[in-house]
Amino acid sequence: MSVKALVRKIHDYLYEIPPQGRMRVPARLFVDERALRELTEQSSQEWNALEQLKNVATLPGIQKAAMAMADIHPGYGFPIGGVAAFDPKEGVISVAGVGFDINCGVRCLRTTLFRKDLEGKEEQLADTMYQVIPAGLGSTGELKLNTKEIDRVLREGAHYAVHLGYGREDDLTYIEETGRLPDADPSVVSNTAKQRQLAQVGTLGSGNHYVEVQVVDQIYDAKAAEAYGLELGQIVIMLHTGSRALGHQIGTDYLPFLDKATKKYGIQVPDRELVCAPIDSPEGRQYYQAVMAGANCAFANRQVLAHLVREAFWKALRVPDTAIETLYEVAHNTVKFEVHEVDGERKRLLVHRKGSTR
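For the sequence shown, the positions run 13 to 370 when the working numbering is used.
Only true hints are included.
Taking lysine-lysine and the DSSO-like style, the derived pairs with C-alpha atoms no more than 27 Å apart in a straight line are: (1) Lys327 to Lys133; (2) Lys101 to Lys359; (3) Lys327 to Lys156; (4) Lys76 to Lys101; (5) Lys359 to Lys76; (6) Lys128 to Lys327; (7) Lys101 to Lys275; (8) Lys235 to Lys128; (9) Lys101 to Lys272; (10) Lys76 to Lys275.
Hints are computed from structural coordinates only; laboratory data are not their basis.
Throw the hints in and build the complete structure from the sequences for me.
Below, the structure is given as structure tokens:
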């Protein structure tokens with residue numbers, strides 16, 4: 013039977029593939045009809061997001077459904093745009109569910125400037141930002157750390173960046189988890205990963221990472237805009253990056269580690285990219301602590317970059333740093349313990365988010 017024939021419509025923006033074969037729960041897709049049509053057309057390809065989502069639904073301890081957000085597309089093991097929550101006692105933790113760029117995320121900086129304030133100055137600002145903000149594959153920044161200092165980055169996240177003079181204390185209020193995850197353990201991160209990061213804190217990287225100067229050109233919710241202090245024509249800055257080489261190395265290091273755990277605990281996975289360990293096992297706890305350390309590295313990285321954005325605006329336009337405030341920061345490659353309602357009961361779950369956010 014084709015995938016299309018199996019899909020059940022719940023409403024215009026939610027579709028479901030009921031459990032079949034080894035699936036423990038349904039696969040749910042928060043998409044419209046056009047996106048669903050594209051996904052089903054791609055389902056005959058060897059590497060396709062729907063098959064990956066169905067595979068996630070087979071993992072032990074998964075709760076309610078394997079879920080896909082609107083931009084679902086194929087990834088490593090898990091589809092990008094995928095969300096899966098697991099029971100802490102019966103469930104698993106997986107590299108594929110987090111991604112290799114651990115805690116990749118986006119920060120939005122709100123400014124007191126408006127479009128008219130930048131007219132005729134765009135090129136000057138862009139040139140200055142290119143000079144101040146390190147970008148590109150293998151880029152290095154002004155912040156050079158030793159291994160002991162990297163360990164503090166992995167423990168303290170954005171708080172350590174502020175301690176070093178990058179940004180302000182009030183930035184931390186508006187960052188997810190205030191920019192520091194407490195369960196991080198630098199000792200379970202390899203020396204190779206740490207060495208790769210010594211000169212990369214405060215760098216943008218390459219791929220789809222960016223710093224953009226943007227303008228508010230449409231308001232959909234006036235009440236929300238007022239609460240966020242946003243007006244038509246106002247300038248905001250978005251920056252998108254993650255844990256750089258360190259996060260990727262953590263993923264690389266832990267794939268064979270979790271492959272052994274998969275075999276040790278007799279976990280059957282439909283795709284070897286879904287290697288995993290029980291959450292409540294020495295291997296599962298160790299990988300979780302490593303991910304928390306990688307996440308803190310990403311928090312610190314974005315904090316330093318926010319400082320460099322302010323520096324660029326000052327150098328180019330003499331805009332003081334007090335005119336540029338953190339509006340929010342949220343990640344989209346994470347695994348965290350969260351409390352959610354399951355069948356009317358509040359439960360603590362380990363939630364994987366791969367290219368998706370809260």
